[in-house]
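**Q** Read off the chains here:
Protein chains: 2
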Amino acid sequence: MSEINLGITADMHVHLRDGAMSKLITPTVRSGGISICYVMPNLVPPITTKQQVINYHKQLNDIAPETTFLMSFYLSKDLTPELISECADEGLIHGIKCYPAGVTTNSKYGVDPNDFSQFYPLFEVMEKKGIILNLHGEKPGIEEKDEINIINAESKFLPALRKLHSDFPKLKIILEHTTTSEAIELVRELNSDKKEGDDITIGATITAHHLYLIIDNWASNPINYCKPVAKFHKDKKALIDAATSGEPWFFFGSDSAPHPIHKKQVHVDVCAGVYTQCNSVAYVAEIFDKYNKIENFKKFISDNGIKFYDLNEKILAKHKGESVWLIERENKVPEVIANGDVEVVPFKAGDELKYIVEWRKN
Amino acid sequence: MSEINLGITADMHVHLRDGAMSKLITPTVRSGGISICYVMPNLVPPITTKQQVINYHKQLNDIAPETTFLMSFYLSKDLTPELISECADEGLIHGIKCYPAGVTTNSKYGVDPNDFSQFYPLFEVMEKKGIILNLHGEKPGIEEKDEINIINAESKFLPALRKLHSDFPKLKIILEHTTTSEAIELVRELNSDKKEGDDITIGATITAHHLYLIIDNWASNPINYCKPVAKFHKDKKALIDAATSGEPWFFFGSDSAPHPIHKKQVHVDVCAGVYTQCNSVAYVAEIFDKYNKIENFKKFISDNGIKFYDLNEKILAKHKGESVWLIERENKVPEVIANGDVEVVPFKAGDELKYIVEWRKN
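Those protein sequence lines, which keep their order, are chains Y and B.
The first sequence maps to residues 1 to 362 in our numbering.
The second sequence maps to residues 1 to 362 in our numbering.
Note that these hints are calculated values from the structure, not bench results.
Note that the coordinates shown come from a computational prediction; the quantities given were computed from them, not determined experimentally.
Careful: at least some of the hints might be erroneous.
Cut-off 30 Å, straight-line C-alpha distance, at most; resulting in silico cross-link-like pairs (DSSO-like, lysine-lysine) [stated by the list, open to error]: (1) Lys237/B with Lys290/Y; (2) Lys234/Y with Lys237/B; (3) Lys290/Y with Lys332/Y.
Covered stretches of chain Y (in silico footprint by chain B; criterion: 3 or more residues with CB under 8 Å from a CB of chain B, positions within the stretch not fixed) [claimed, not checked]: (4) 135-149; (5) 263-270; (6) 336-343; (7) 351-362.
The following label-pair restraints were derived from C-beta to C-beta distances [as the list claims (entries may be wrong)]: (8) Lys145/B with Asp18/Y: 41 to 51 Å; (9) Lys163/B with Glu196/Y: 51 to 61 Å; (10) Lys263/Y with Lys77/B: 42 to 52 Å; (11) Glu313/B with Ile142/Y: 51 to 61 Å.
Backbone N, C-alpha and C define an ideal beta-carbon position, used for all residues, glycine too.
Work out the full structure: start from the sequences and follow the hints.
**A** In structure tokens:
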């Protein structure tokens, strides 16, 4: 039986919600095998003040004190350079998430990616302070003549990423939950001049579910519907190739996004999001195993993300006494997890998994 | 207020189901504005015997005696040249529907479009007797390496249509519920040598809902999910252009395919099909109106289909005393139609429509 020490693991894109849902799923960051997670700010209302960051962090920490929660702001006109500078200096935030208006859950407060210039004063401070810009990379289709749809929206967004990197070469930018071969190619291209030891400023997260799904798998299965949607075989192949490559700009961000099951069982307006937190490490390990790349697994699920976020010893110290171990042992994904009335159906509910995780003292 | 006499209308692709569902929706062929409909054979079990045809026709006729139901067989190994010949001579069937295995509702008894040769003896009789081959034009993806998905499945099927037409140039073939610009182009190409008055052997039906939907409209709305799925803006444009063109190879086939609403409100295995029967003529008229092509509406909804099916005076006689009139009058699509426990939510439920239909004596 094989066992692998993964050290301190990182999921750089989680949605931990609020209220009863948060109480249900926040502990599953750890039970799914993750030490450190980067928390998305798309609550209602979105997180745009220092006090909201402090309150939300306390709320999550009270639920799951053994987990490290890295916090973020929601990019909006409410943010100021002074606020970002202050929160960065105090170590309260690690990044700012940019949602194009209207593309996913609670994104109605989002921005127009055709015109980032209004945020350039913010990006200047972020670049200086090492605060990451997390991009939901989909271009919204406003009018029919734009010919934008959920399949090409990510590819149509890529010129905006290229321009941002050109205008702010030292700003750390992550293209979140990449789903297309085009996005993977661009991230590689923008890093093609990097040599071993160079600072990397363009990264990409890849989810667990996008390593499994194509369009056919969600079309008649709302449980697998998320934004950006899973695309085609060629895209899935590109994502698997990128994730398992060991390249330092690709790392894990689950985009685990739970919704109560009754919001998935509807004939109109299905909520976008796949919940993977409770088995996140095991889902991904199985792909690495299948493609004989398990030797690169720790890079993807731990080292690359921690390095990109430049997490200091103070943050890592909390986890130095323990390690996540990946153990080969058959188990099943739960059919449902519940907290009172809140029921969430996980990705691949009821399916067999090959791996479990265990936390062990060093 | 404008009024248009549509004469005898035809919907050349309907699913009228069985039992309580059939009792609910069969009368809506007429209330939706249709005189003559072509009935698909994908019951459980599929219709493959003379007695099944007779029974199903009687069952439908008992429910809605004013409507003409044109009957079909389900292409399978159970059919013989002798059976087809006999049923054709007696006027019992007008066509045979081919379902590729596994692509849509009750298609598990379907065929492999890579190998139609086993059915060539049937096609020979059909060609001779004027029996139509109705194709569900999607290539099933068996293995990942086939790179077939719900977006390219129709385009990947088109070479099979080309080969069938080449091998049986006089066999009447309809590519049903076309959804792509590629399919529209091929139907035009295969008819490019036709002159006014020539017999046409390649036709295509176009649904109401594919004139409205693209992928974004069904992705989070299972009520709009059908097979083949609605594709992209360019495809919708091509379908609207074809339908409104007046070209004789394009005609109406609603593919109205009701499912009980509880089979649409599920998080896995949503049933494929959009129910449009109750307002079918009005949905389509609105598109012709929007694109200033109402002068071609009667060709699409009446003349082209009746001509392609070569319906004789005996069949048409039943409808000579009455006409369907299209009347400009605002109305609303019902939120739901129901028969006891069976509830069906129509396409565009609750939306405003610009037209109604009336039946008037000549």
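**Q** Mind listing which of the numbered hints don't hold for this structure, in increasing order?
**A** 1, 6, 7
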